[in-house]
Amino acid sequence: MNGGSEKRSSWSAKASSAVNGYSSKRFWGKHLRKLSTQLPSYSPWTSASGSGSTGQRPSLLHTTRMFILRRPKASTFLLLLGILLVTLVSPFLRHGFRSSRHLGGGHKFVLILAANKGGGVMEWKNGNQWASERESIANKKHYANKWGYHLEIKDMSTKKRYAHEWRESWEKVDIIKQTMRQYPKAEWQVSNWFWWLDLHTYIMEPSISLQSHIFNHLPKVTYRDINIYNPLNITHPLSKETHPYLTDTERSAVGDGSPESINLIVPQDCGGFNLGSFFIRRSEWSERLLDIWWDPVGYEQKHMDWEHKEQDALEYLYTSQPWIRTSTAFIPQRMINSFPPGACAETPNDPRIFYNEKERDFLVNMAGCEWGRDCWAEMSTYKRLSKKLNRTLWERWFGKKK
Amino acid sequence: MQFAVPTRNHRSSPFMFSSVSRQLSRRRRPLYLVLGLLAILFVALKLWGSGHGLMRPGDAPEVVLVTVLDRKKYSEEYLAKVIENRKEYATAHGYGLFIRDSTEYDINDAPDGWARVPATRHAMSVYSYSEWFWFLDQNSIIMNPSTKIETTITAPKALGLWMRRDVPIVPPDSVIKTYRHTPPERINFILTQDHDGLNPGSFLIRQGPWAKFFLDVWMDPMLKTYGFQKAEQMALEHIVQWHPTILVKLALIPQKTINSYPTLPGQEGSYTEGDFVVHFQGCEAPERSCEKEFERFWESRGRALKR
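Here the protein sequences line up with chains A and B, keeping their order. At position 94 of the first sequence (counting the first as 1) the number is 94 in UniProt numbering, and the numbers step up by one without a gap. At position 306 of the second sequence (counting the first as 1) the number is 306 in UniProt numbering, and the numbers step up by one without a gap.
To be clear, the hints were calculated from the coordinates, so they are not data collected in a lab. There could be a bad hint or two in this list.
Claimed, not checked - Only pairs whose alpha carbons sit at most 16 angstroms apart, straight line, appear in this in silico EDC-like list of lysine to aspartate or glutamate:
id : chain 1 : residue 1 : chain 2 : residue 2
1  : A       : K302      : A       : E315
2  : B       : K224      : A       : E300
3  : B       : K212      : A       : E284
4  : B       : K212      : A       : D248
5  : B       : K212      : A       : E250
6  : A       : K240      : B       : D106
Given the sequences, and given the hints that come with them, work out the whole structure.
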C-alpha cells in the first residue's frame, strides 16, 4: 500500500508540474493547458488542501540515478539479483502464460498417448520395447510441458474389462470418452481438442505449437472435400438421387464450410483414414459419435472384415451416415502423421505420405513397426534426427561435429 | 491564397468557444463521420447476423405432420380418405403437411416401413424452420382433431406430466429403462409403447442436429439389412437400448395420447371415444383387413372446425 501511494504522489507531482509549468507538449499537457485557460483553476490531481509539495519532490528517475551514482556496488548487486530472479521464474511464467485461458490457450488441448499396447496379458515386453515406450512418453511430456497442454498417458493393456470379448481392441473409443469425462471443467463452447497419439509416434518439431501449426488457421490446413485425396473412393458429396431427403448443406462437398462446424480432424494414408494421430473436439456431436462408434449389430456383421476395428468402423460410419460428414475435416497426412519408409509399402513414392526431412514434418508415426520392422531402431533414429534438426545456435557452433 | 474575408482563427476570434472546439471539430469531422458510419454498420450487421438463422419466418408452421403412403398395396380410394383426414387436421391448426410415397426413398430391399425414417428427415429439410415433426402411420385416423400438439403434448409442462419414467423399453422386463430425471425441455423424441415394445407408428421428433444424427443411425444400412424380425421397430429398440445419447432424449408417453389401437378387449391402449388417434397396428396380418377396420371408424371420427 505504501509503495502505491508513493507512486501516486510522484505521478501527481509530475502531472501537476506539467500543468503549472506549461512545459509539456504532449497531448495531456496540451489538453490540460487548454482546460486551465477555460476553467477557474482546477486540476484533478492537485489535492484540494494544497499540501504544497508540488514541484518539490525529486522524481523517481532522479532518485534512481542518485542511488546508482552514490552506491555503484550495491546497485550492481541488485541488478544481478533481478536478472537471476527473472531467469529462474521465467519458465514457470511461460508455462502459466501458455496454458492460461486468455493468453496462450494451451489448456484447451489434451494429448492422449496410448501406452502399453497389448501388454499385460499377451506377452512380456523386452528391453527395446520398454526403451521405445520411454522415449515416446518423454517426447510427449516435453512437448506438453513446453506448450502448457495436458497429457494423459493411457494404459492399453489387454484386460478382461468387458463382459464379452467383442469389444477387445476397441478401447480407443472408450479411452477418449473417459478422458473427456476427466476434463469436465472445460465448457462446451470453448473448443477443446483431444489429440490421440499412438505409442509409436515422435513429435519431430516440438518448437511448433498446435495453435500455430493447425488451430489458428483451421480452414487453410484442413479440407472438407474428401475428393482432394480419396484412397477409399468414397462417393462424395451425396447426390440428390440417392439422398433426396438431405438439405443442400448436407449434400455440399464442404458441409457448411465454417471452421466452427469441424469436430473431427483425421489424416488419411494410402489405405484410408488413419487414427494413429487425430483430433476430436469435445462437443455434443463427438459425444454422439463416440456413442455409436461401436454397435453390436455392426460388430456382429463386420468384425471379420474390419481388420482395423475403429478405423474401419469410422470409415463405414462416414460413408453411410450423412450427419458425420458435415462435421468431419481431413488434414494432409504429413501435417500430423508422416510415415517412415516401410509403412504404406503399396505406394512407396507418394510424396504426400512419407516423412520429409527438408520440409521439417511435424510428427512421425511408425505405423505398423510391430509387424516385421524394428520399432526401437526407428524411434531412436528419428529421435536423433529431431535433436539434430532442432539444435540451438550454441550447439550448432560449438557442439560435437560428427 | 486570397480570400475576400480573412478566415477566422482563434487569435482573431472574439468568441471564446471558437478557439478550441471549432478547430478540433473542423479537422476531425471526416473522421467522426467515418467512425459513425462504421458504428452504424457494425450494429446493423450484428442485428442482421443474429437474426439470421435464429428467427423463423412468420409463416413457418410449428408442427409438421408426416405420412408415407403405400400405393402398391392400397386402393386410391382408401388413400384419398387418409389424405383428406390429414389435410383437414393440418389446415385446422395451421400445421405443415408432408405426404410422400414410400417408393420415393431408396431403401433397397428393406421392408416398406423403413421409408418413414428418410421421409421424416426429408420433411425436416423442407420445413427447415419448424420445430416438431409428427409422423403418423398411413393406417390410422385422427379421431379427435381438436387436439393441439404444441399445447397438449410437446409443451414441457404437459410433457412432464405425460412422461413415463423408469419403465423398461421393451416390456415387461428389459434391463434398460427410461431415465428417471430427464427434464421435459431436453426431450427430442416422443413415442409410445404397446404390449410388445416401442411402436414407431406415431411419434414426435424435434428438429435439430440430434434428430439428424438419430434418424441417420436409425436408417443405417447395416441395421436395415440385419433382418430384424420386426424391421424398423426392432432396429429402433436396438439403438435406443445400446446408445445412451439416444435414450436420454427419448420420452415414452401413454399409448392412448397419440397411438390408440382399435378395441381389443382387455388390453391397455384400446381406443375409447375422445382419443386423439386410432392406429390399426398389425392390420396387414392375413386375418385382418386395414380398409375394413378403417371404414368402421371413419364415420365416427370428429370433424375439425374450418378456419
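Each hint, compared with the structure:
Distance hint between A:K302 and A:E315 is fulfilled; the C-alpha atoms sit about 12 angstroms from each other, no more than 16 angstroms. For the hint linking B:K224 to A:E300, the alpha-carbon distance of about 14 angstroms falls within 16 angstroms, and the restraint holds. Between B:K212 and A:E284, the direct Cα distance comes to roughly 13 angstroms. Compliance with the 16 angstroms bound is thereby established for this hinted pair. A distance of roughly 14 angstroms separates the Cα atoms of B:K212 and A:D248; the hinted pair therefore holds under the 16 angstroms criterion.
For the given pair, B:K212 sits about 10 angstroms from A:E250 by alpha-carbon distance, which is consistent with the 16 angstroms threshold. Using a Cα cut-off of 16 angstroms, the hinted pair A:K240 and B:D106 holds, with the two alpha carbons roughly 11 angstroms apart.
Checked against the numbered hints above, the structure violates none of them.
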